[in-house]
Amino acid sequence: MSTPSRRRLMKDFKRLQSDPPGGISGAPCSDNIMLWNAVIFGPGETPFEDGTFKLLLQFDETYPNKPPTVKFVSKMFHPNVYANGELCLDILQNRWSPTYDVAAILTSIQSLLHDPNPNSPANAEAANLYRENRKEYTRRVREVVETSWES
Amino acid sequence: MNRGITDPSDWPAEFSPLREIDSNLRCPICKELLRAAIMLQCFHNFCSECIRRHLDKESTCPACRVQTSTAQMRRNVALDEIANSFGDCRSLLLKTVTDSLSPPKHTKPAQLSRAESMDLDDLAPQTKRRRTSSRISSKSTTLSSPTSQDTVEMNGLVDSAAEDDNDKDDDFMVSSQGSSSIHKGKSVSRSTAGPTLRSRAGRSEPPITVLEKTPEPARSWTTTAPQPPSQPASPSHVATATAPTPPTKPTTLVACPVCSMGIPEAYTNTHLDRFCFRGLKDPAYTISFELIMKQAPVVIETYERQGTTTRDVVGSTASNTSSPQKPSSSSLGAGGGYSNGSVAGGSSDGSSPLQHRTMQLSISGSPVKQPYPELKRIPKLAYGVLNEKQLRKKLLELGLPCHGDKQLMQKRHAEYVTIYNANCDATRPQTITQLKKTLQIWEETYLRDLDTKLVQRRQLEQQQARQQAELAQAKSTSADPSSSTVDATSSAVSTPLSSEGASSTGGEAGSSSFVPNQANNTNVAVAVAKASAFAHVLKYADEYAELIADVRRRQQIDKEKRVSEDTTKAE
Numbered sequence: 001m002s003t004p005s006r007r008r009l010m011k012d013f014k015r016l017q018s019d020p021p022g023g024i025s026g027a028p029c030s031d032n033i034m035l036w037n038a039v040i041f042g043p044g045e046t047p048f049e050d051g052t053f054k055l056l057l058q059f060d061e062t063y064p065n066k067p068p069t070v071k072f073v074s075k076m077f078h079p080n081v082y083a084n085g086e087l088c089l090d091i092l093q094n095r096w097s098p099t100y101d102v103a104a105i106l107t108s109i110q111s112l113l114h115d116p117n118p119n120s121p122a123n124a125e126a127a128n129l130y131r132e133n134r135k136e137y138t139r140r141v142r143e144v145v146e147t148s149w150e151s
Numbered sequence: 001m002n003r004g005i006t007d008p009s010d011w012p013a014e015f016s017p018l019r020e021i022d023s024n025l026r027c028p029i030c031k032e033l034l035r036a037a038i039m040l041q042c043f044h045n046f047c048s049e050c051i052r053r054h055l056d057k058e059s060t061c062p063a064c065r066v067q068t069s070t071a072q073m074r075r076n077v078a079l080d081e082i083a084n085s086f087g088d089c090r091s092l093l094l095k096t097v098t099d100s101l102s103p104p105k106h107t108k109p110a111q112l113s114r115a116e117s118m119d120l121d122d123l124a125p126q127t128k129r130r131r132t133s134s135r136i137s138s139k140s141t142t143l144s145s146p147t148s149q150d151t152v153e154m155n156g157l158v159d160s161a162a163e164d165d166n167d168k169d170d171d172f173m174v175s176s177q178g179s180s181s182i183h184k185g186k187s188v189s190r191s192t193a194g195p196t197l198r199s200r201a202g203r204s205e206p207p208i209t210v211l212e213k214t215p216e217p218a219r220s221w222t223t224t225a226p227q228p229p230s231q232p233a234s235p236s237h238v239a240t241a242t243a244p245t246p247p248t249k250p251t252t253l254v255a256c257p258v259c260s261m262g263i264p265e266a267y268t269n270t271h272l273d274r275f276c277f278r279g280l281k282d283p284a285y286t287i288s289f290e291l292i293m294k295q296a297p298v299v300i301e302t303y304e305r306q307g308t309t310t311r312d313v314v315g316s317t318a319s320n321t322s323s324p325q326k327p328s329s330s331s332l333g334a335g336g337g338y339s340n341g342s343v344a345g346g347s348s349d350g351s352s353p354l355q356h357r358t359m360q361l362s363i364s365g366s367p368v369k370q371p372y373p374e375l376k377r378i379p380k381l382a383y384g385v386l387n388e389k390q391l392r393k394k395l396l397e398l399g400l401p402c403h404g405d406k407q408l409m410q411k412r413h414a415e416y417v418t419i420y421n422a423n424c425d426a427t428r429p430q431t432i433t434q435l436k437k438t439l440q441i442w443e444e445t446y447l448r449d450l451d452t453k454l455v456q457r458r459q460l461e462q463q464q465a466r467q468q469a470e471l472a473q474a475k476s477t478s479a480d481p482s483s484s485t486v487d488a489t490s491s492a493v494s495t496p497l498s499s500e501g502a503s504s505t506g507g508e509a510g511s512s513s514f515v516p517n518q519a520n521n522t523n524v525a526v527a528v529a530k531a532s533a534f535a536h537v538l539k540y541a542d543e544y545a546e547l548i549a550d551v552r553r554r555q556q557i558d559k560e561k562r563v564s565e566d567t568t569k570a571e
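If you're matching them up, the sequences are chains A and B in order.
Read left to right, the first sequence gives residues 1 to 151 (the UniProt record's numbering).
Read left to right, the second sequence gives residues 1 to 571 (the UniProt record's numbering).
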């Protein structure tokens, strides 16, 4: 059954395969193209370096007119990531544009790891540490980097 | 024709200009080749349907976020036509390009049979026709194989394909040259092989080459190639499923401009008027083409007698001229006259504007171009002020189904308005029947999506409930040590509560009676009560029973440990 959203997701997949941006990878579940697993490698020269963070992207038939729901499956310690793994990222909410594709979403999340926005904190503790005690922040992030290798 | 999942990355990296063309002809929203291209005031182009759907909810350009509205939308007809033509020839072009990179094979003519609806005027009939042009020969270096087994006919085919591509897209020429320079390894021999090949071909049949040298790079339908009289059957004019097949095949298939089904060329107008414009399905699709060809002259004759067209269609079939371009080009040369006739006829019998438009579009390649008429679009409705009955009436007016609740009817109406208005922007509009079919598919998808979301929400609720239950269980376990310490000390400090009593009551009576009696175990009891309520609601009773048993077991072990510790201490 081909619908515009599914066709678009197939295109996104093809694009991601043929021209993958560095440090991200993603693929739909074999039995459900609306559900994607993705991995973001922690960007270099950040505390997240070497982390392999798994995400789950859930699309529906309104894609690409509406953004998918994106969640970290791996444990995350980041000012803009909620305890349940959900993200506070403008392009996944009010700044969404239907021109974005999966590669764009994952790249944005990767750059969010690089540049957290402590002004709209989803994790108050992480935001505070990021602002006031960068050393402790880095230590906590390194913890989640190490746990990200386990599962 | 554009149903595969295509992407600019399909083009080999050596042909990067083609990649760029491909990606520039794509809608940034759906990433398909533009359909009914629309330009906003910020000069960004989108499919009409995509941008309409977006502007229903937002008022910014999806690409640059500049404030905009549906009033700012302008049809970009030229771009739309380019995108359409590119879509038509894409698969063939891609095949040609990829083949040119791989080592030469002798199955080359077969590739041409894949042509979908590409306009291969030059291809089949003129296997012996030659046009010389420097850029073409540069092209053929990458395309034709330098091996000596190549027959003259094959070269002819490949060359004319190259010609066709060149006419369609000059950028291609650049890229092909690029590739030939990139593939030095092969191309050193090839680029020299090209001209020699050509001259060899020329030598093999010099009179024809001289005879048919056409210096102007015009399309073949203005320059008709003389046909060998030994081939009276009309060769394929426009690519068919069997494009380069022997010219003895009597069927000349073209793609219907409305429904894009393959139909005999002479049958086009009949097909359009009888079926496509009326939104009917042509039963002839199921009939073999030979049969159509037998019937066509009769149908066309009656059709002619009705005087609804001035187009000379019978000429090309009945007399079965071997060059189908001639009559059609002559009629197209008088394109103004034809379309005037059609407009006049149309207004006299009161046909729909869509009909006029498509009639004109079917000759969109003619030298005389008609202005693109703006079709009447369906205005949007203020659904808030309509009640269910009025909405139903509106749906019925459009000939749409009116079942379902108000929300569904509203969605259906809005979707239809979007696809209908988008269709008005297309240079190759679909029929109303096709639109309604699309709407039906949309509705099925929409309802299925609603269902999936409902299921997901339920699962989420269950998951949350389960988490709460686990939380409660965690509470009860954390409450354990305290209660067991109390219990354990009870033996020493003679508290009224006997620990064994507590556990045994619980053990015997099960979860429901376990709750109320124990004053000291309030925490546990409340937690358990809450959790068991959840468990009941969620039908997780079995699972929960295990949990309780586990809690008790741990309680028991704890107590025994403490008791034994106490006794050892006492000793």
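No wet-lab data here; the hints were simulated from the structure.
Quick caveat, the model's predicted, so the values are computed rather than measured.
Think of the CB as a built atom: it goes at the ideal place given N, C-alpha and C, for glycine as much as any other residue.
Mixed in with the good hints, there may be bad ones.
Computed far set for chain B versus chain A, every beta-carbon distance over 12 Å [to be verified]:
#1 S9
#2 Q41
#3 E58
Okay, derived cross-link-like pairs now, DMTMM-like style, lysine to aspartate or glutamate, Cα gap no bigger than 20 Å in a straight line [as the list claims (entries may be wrong)]:
#4 B:K453 x B:E397
#5 A:K71 x A:E45
#6 A:K66 x B:E58
#7 A:K66 x B:E397
#8 B:K437 x A:E61
#9 A:K66 x A:D90
#10 A:K54 x A:D115
#11 B:K57 x A:E61
#12 B:K453 x A:D31
#13 B:K57 x A:D90
#14 A:K66 x B:E388
#15 B:K393 x B:D405
#16 A:K71 x B:D405
#17 B:K453 x A:D60
#18 B:K411 x B:E58
#19 B:K436 x B:E461
#20 A:K11 x B:E461
#21 A:K11 x A:D90
#22 A:K135 x A:E61
#23 B:K453 x B:E470
#24 B:K436 x B:E397
#25 A:K75 x A:D115
#26 B:K411 x A:D60
#27 A:K11 x B:D10
#28 A:K66 x B:E470
#29 A:K71 x A:D115
#30 A:K66 x B:D449
#31 B:K411 x B:D451
#32 B:K411 x A:E61
#33 B:K57 x A:E45
#34 B:K453 x A:E61
#35 A:K66 x B:D56
#36 A:K14 x B:D10
#37 A:K75 x A:E136
#38 A:K66 x B:D451
#39 B:K376 x B:D56
#40 B:K95 x B:D10
Status of each hint after checking the structure:
| no. | hint | result |
| --- | --- | --- |
| 1 | S9 | 4 Å, violated |
| 2 | Q41 | 17 Å, holds |
| 3 | E58 | 9 Å, violated |
| 4 | B:K453 x B:E397 | 32 Å, violated |
| 5 | A:K71 x A:E45 | 24 Å, violated |
| 6 | A:K66 x B:E58 | 11 Å, holds |
| 7 | A:K66 x B:E397 | 31 Å, violated |
| 8 | B:K437 x A:E61 | 18 Å, holds |
| 9 | A:K66 x A:D90 | 13 Å, holds |
| 10 | A:K54 x A:D115 | 19 Å, holds |
| 11 | B:K57 x A:E61 | 16 Å, holds |
| 12 | B:K453 x A:D31 | 17 Å, holds |
| 13 | B:K57 x A:D90 | 17 Å, holds |
| 14 | A:K66 x B:E388 | 28 Å, violated |
| 15 | B:K393 x B:D405 | 14 Å, holds |
| 16 | A:K71 x B:D405 | 34 Å, violated |
| 17 | B:K453 x A:D60 | 8 Å, holds |
| 18 | B:K411 x B:E58 | 17 Å, holds |
| 19 | B:K436 x B:E461 | 37 Å, violated |
| 20 | A:K11 x B:E461 | 33 Å, violated |
| 21 | A:K11 x A:D90 | 24 Å, violated |
| 22 | A:K135 x A:E61 | 44 Å, violated |
| 23 | B:K453 x B:E470 | 25 Å, violated |
| 24 | B:K436 x B:E397 | 14 Å, holds |
| 25 | A:K75 x A:D115 | 18 Å, holds |
| 26 | B:K411 x A:D60 | 17 Å, holds |
| 27 | A:K11 x B:D10 | 11 Å, holds |
| 28 | A:K66 x B:E470 | 34 Å, violated |
| 29 | A:K71 x A:D115 | 18 Å, holds |
| 30 | A:K66 x B:D449 | 13 Å, holds |
| 31 | B:K411 x B:D451 | 16 Å, holds |
| 32 | B:K411 x A:E61 | 14 Å, holds |
| 33 | B:K57 x A:E45 | 40 Å, violated |
| 34 | B:K453 x A:E61 | 10 Å, holds |
| 35 | A:K66 x B:D56 | 13 Å, holds |
| 36 | A:K14 x B:D10 | 10 Å, holds |
| 37 | A:K75 x A:E136 | 17 Å, holds |
| 38 | A:K66 x B:D451 | 18 Å, holds |
| 39 | B:K376 x B:D56 | 19 Å, holds |
| 40 | B:K95 x B:D10 | 10 Å, holds |
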